[in-house]
Structures are given as C-alpha cells and as structure tokens.
Amino acid sequence: MDEARVLLEVKDLQAWYGESHILHGVDFRVREGEVVTLLGRNGAGKTTTLKSVMGMIGKRTGSVQFDGQQTIGMTSDRIAHLGLAICPEERGIFASLNVMENLMLPPQVRPGGLPVEQIFELFPNLKERISSQGTKLSGGEQQMLAIGRILRTGARLLMLDEPTEGLAPVIIQQIGRTIARLKQEGFTILLVEQNFRFASTVADRFYVMEHGRVIDAFANADLDANMGKLHEYLGV
Amino acid sequence: MFNISTQALFAQLLVGLINGSFYALLSLGLAVIFGMLNIINFAHGALYMMGAFCAYFLLNVLGINYWMALILAPLLIGFLGVVLERTMLQRLAGLDHLYGLLLTFGLALIIQGLFQNYFGSSGLPYAIPQQLTGGQNLGFMFLPNYRAWVVIFSLTICLATWFAIEKTKLGAYLRAATENPTLVRAFGVNVPRMITLTYGFGVGLAALAGVLSAPINQVRPLMGADLIIVVFAVVVIGGMGSIMGSIVTGFALGILEGLTKYFYPEASNTVVFVIMAIVLMVKPNGLFGRA
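Line by line, the protein sequences are chains A and B. In terms of this note's numbering, the first sequence opens at residue 1 and continues consecutively. In terms of this note's numbering, the second sequence opens at residue 1001 and continues consecutively.
Worth double-checking, as some hints may not be accurate.
Unchecked claim - Footprint (simulated), chain B over chain A, 3 or more residues, beta carbon under 8 Å:
hint, stretch
1, 51-65
2, 83-95
3, 201-207
Unchecked claim - Within a straight-line C-alpha distance of at most 30 Å, the following computed DSS-like cross-link-like pairs (lysine-lysine) qualify:
hint, chain 1, residue 1, chain 2, residue 2
4, A, K11, A, K229
5, B, K1167, B, K1283
6, A, K183, A, K229
7, A, K11, A, K127
8, B, K1283, A, K136
9, B, K1283, A, K59
10, A, K11, A, K59
11, B, K1169, A, K136
12, A, K59, A, K127
13, A, K136, B, K1167
14, A, K127, B, K1283
As the list claims (entries may be wrong) - Estimated spans, in silico, between C-beta atoms of each pair:
hint, chain 1, residue 1, chain 2, residue 2, range
15, B, A1127, A, S132, 30 to 40 Å
16, B, R1086, A, R197, 44 to 54 Å
17, B, I1229, A, M74, 39 to 49 Å
18, A, E121, B, I1229, 49 to 59 Å
Hints in this document: simulated from the structure, not taken from any laboratory. Think of the CB as a built atom: it goes at the ideal place given N, C-alpha and C, for glycine as much as any other residue.
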C-alpha cells in the first residue's frame, strides 16, 4: 500500500462555523484505493473535517491537496468536479424529488462512474421504489440512496459520514459489503464512524481526532496493539 | 331580463379569468423567486410595470411590434433582474426575510417614483396587435380575441413553467437547491449562478405579464403597485413557494373575484383578502404550502 499515490493530503486544516473555531490544524493523508476512517468522540471535528475537505464550510485555511491540486481557495462546486463526493451524515435525501431524481441528481463530474444498473445491483431495494418520494424510504434505503447517487458521478474519493448511524445490523452488514466492493472497484473512501466495530471490518487505516486535531494514527494490522489507547481516546 | 344577466355574468367571469391570468403569472414568479432566494420580491409589481413600458418604448421608439416585445421585454427586464440580483440581492443571502423585503420594497418605490416623475400617473395607450383585434360572438357572450389570447397564453406559460420545474432535470436541481443549496453545490452544481438566473426568470415572467396587460389596462407607472397587493394575497392563500398552488390559486381567485362582482359588487375588492384571512387561520402555510 505504501507505494500507492497520495490522493488526498490535508495539512494544518483549520475551519470555522461563523465565529466558532472548530478545526485547529488537521493533518492526514489518504492514498489511492485506501479506506481510511476518522475516529473520535462526538464533537471532535470529524464531520467538519469532511465538510471542509468538500469546501462546504464558510471559512477554512491550511492546505487540502487533491491529486496534487490545491483546493483550499476553491468553491465546493469546483472541488466536486475534481472528483470528490460526499454522503452527509443527515443523508441529504431531497423530499421534493423521487428516488430516481435523487439518484440522478448529482451531475457527472468525470468519466468512469458506475452505471445505474450496477448501482441497482448493489442496492436492489432502490430499484423497487424508484418513483417513491425520496424521504418516504426507510432509513437504510435512504442511506443506500445517499451512497448510490455519488457512485454514478465519476468521483474517485467518496467521503461517507457515519453511514451506519441508526441502522439495523443486517443493513450495516450490507453497507459493509458495499464498501468492500467499492474498494475493489478502485474507489478511495474516507469514512467517519462512531461504530468502531464496523470501521475495523472495512478500514485499512485509522486516524483519531480530538478537539479539532488528529492526535493519533495506526493501520488496521496494528489494531490489537493499539486497543488500549483507543479505548481511552473513544471512552468506550 | 334573464338573458341580460347571464351576459353580465359571463362578462364578469371573463374579467375574472383575465385578472386570474395576471395573478397566476405574477404569483408564479413570486413563488419561484421565494423558493430559490427566500426573498419576498416586493419589486415584482414595479418590474411588471417596466415590462409594459418596455413594450411601449419598443413600439413607439424603435417600431418593434407586440410579438417581438413579448420576447424582448421579458429578456431585457429579466436581464435587469439578473443585475439587481448580482449587485444587491446576493448580499442579503442568509439574512432574515425582512432585509430582502425592505430592499425590494425600496426598489419598487424608487422605480415607480422615477416612472411617475417622467410619465405622470395617467396611462399611455398601447394598441391591440392587429392580428388579435375583433372578437367572437359565442351566442351567450361576445369574446374579444385579445382577451382569449391572454388567458390561453398565460395558462400555457404557467403550465410550461410548472412542467419545467416539476418534471425536468433542471427543475430537479432547482427543487433540490431550494431544500439544501449547500449539498447541491457540493455535488458540483453552480448554485449561485442558478439563483441569479432564477431571479431573472421570475422577473421575466413579471415583465411578460406586463406586456400582455399593456393593450388591456394601458401603460401606467402605478399599474403594478395596484395589482401586486392582490397578488401577494394570492401567494399567501396558495402557499409561499408552491408552483402549482400559485397557478391554481391565481386563476381561481380571479374567477371568484369576477363572480363576486356579479353577485355582490360591494365585496369584489375585499373578497380576496377575506379569503386570505380565513386561510391564514385554518391553514397558515396556505392551501398548497408544505408545512
């Protein structure tokens, strides 16, 4: 894995919501084809980190390089066209759009996205509910829709914010299989998870965040050796 | 006696349909703008008036006829809307409704004041285009061709707008950006440009209504100020931001007003506001509004 290209490199990323300073210098990198998970307690800045990388935060400073290109001064629509896509924590399914419209909403930013048939193959439930109103779906189906719609756009780095939150174990397993499958397809995935048990089944590496900074990092292979520290960080 | 009164009834119904056409076109523009910009566009009446003046000048200064004005006036006034959005309204994004209301209300006063200063308060005549003069005797009533055209044309424009917003890909962007502009932008859509063009489009609809109205109501600086009060009541009844709601409510209230003129003329100027009060009490989000 070491020889793989660095796709996303974040250095000294700081971000603000209005007056409040949320990120105080975040550093991490994601290599092409990796699944990397940000861990940390509530309020550590994980979601803000994803949103900042995507350019969805009012004010951010530092350095966010995607595929060698500096994005810190770009608006989020331009960043999206470089090949980044986000699946937000609240899922962001549009109530005034049906399932098909939700799925087809994000514009194609690059060639090479998954064809719609393949997305339906990953999430057969969606195909059956194609003309339902987006928010009439169950929580699990909404999550599948939120992931599915960013697979067609040609984005190479997918940022998934707590995709298992509030879902039944059987749905969590399906999402786990999907992430593994997407990794095989060559997608790079940056994951935010509270569910550590789930994250440990899909991630190659972990970063631990606290108070708006990355405070530790380790690979999945070193998980057992770091279990003690991790319990302390996460307070579990 | 009975014959005369049915004729009068149909005549008032027609007046109601005509007024309804303008209510629908204007409240549709307001709904589209409110949905996307979260701004209650109080300049709408003034822009409607400018559409009519634009047609007047195109004809009397440049010799450009009604049919061309029907295309050019919405484009020109729509472009003015784009400039207004880029230079002023954009700065109000994210602020309380009140700021947009005050700014657009101020703009309306300035525009109307300027036009009154130069053109007085009396109306300038605008002739009905030659192809639409005359009318049809339907047996029970006489239907002027131009009035029939106004109803059919505005209904067509309203339905086309509804279709574009509810059934097309571009409309899906609009609906989604109304709900969550930040996320739509993060998907790679240039939302600020879409907002600007939406305002331009809503303003263009107002200008189009102004051109349609010029041969019927004459071209007056205060033509919009008089109309817009009722249109806002229509918008409140239909529900802010609802596309089909504004179309249906616009036509329905125009017809209702016409009927009131026939059955109880004293109430014809207030019936819309009475309905507004009742709707606000029973369904505060309007008949078609989403909670």
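In rising order, the numbers of the hints this structure does not comply with: 3, 7, 9, 12, 14, 15
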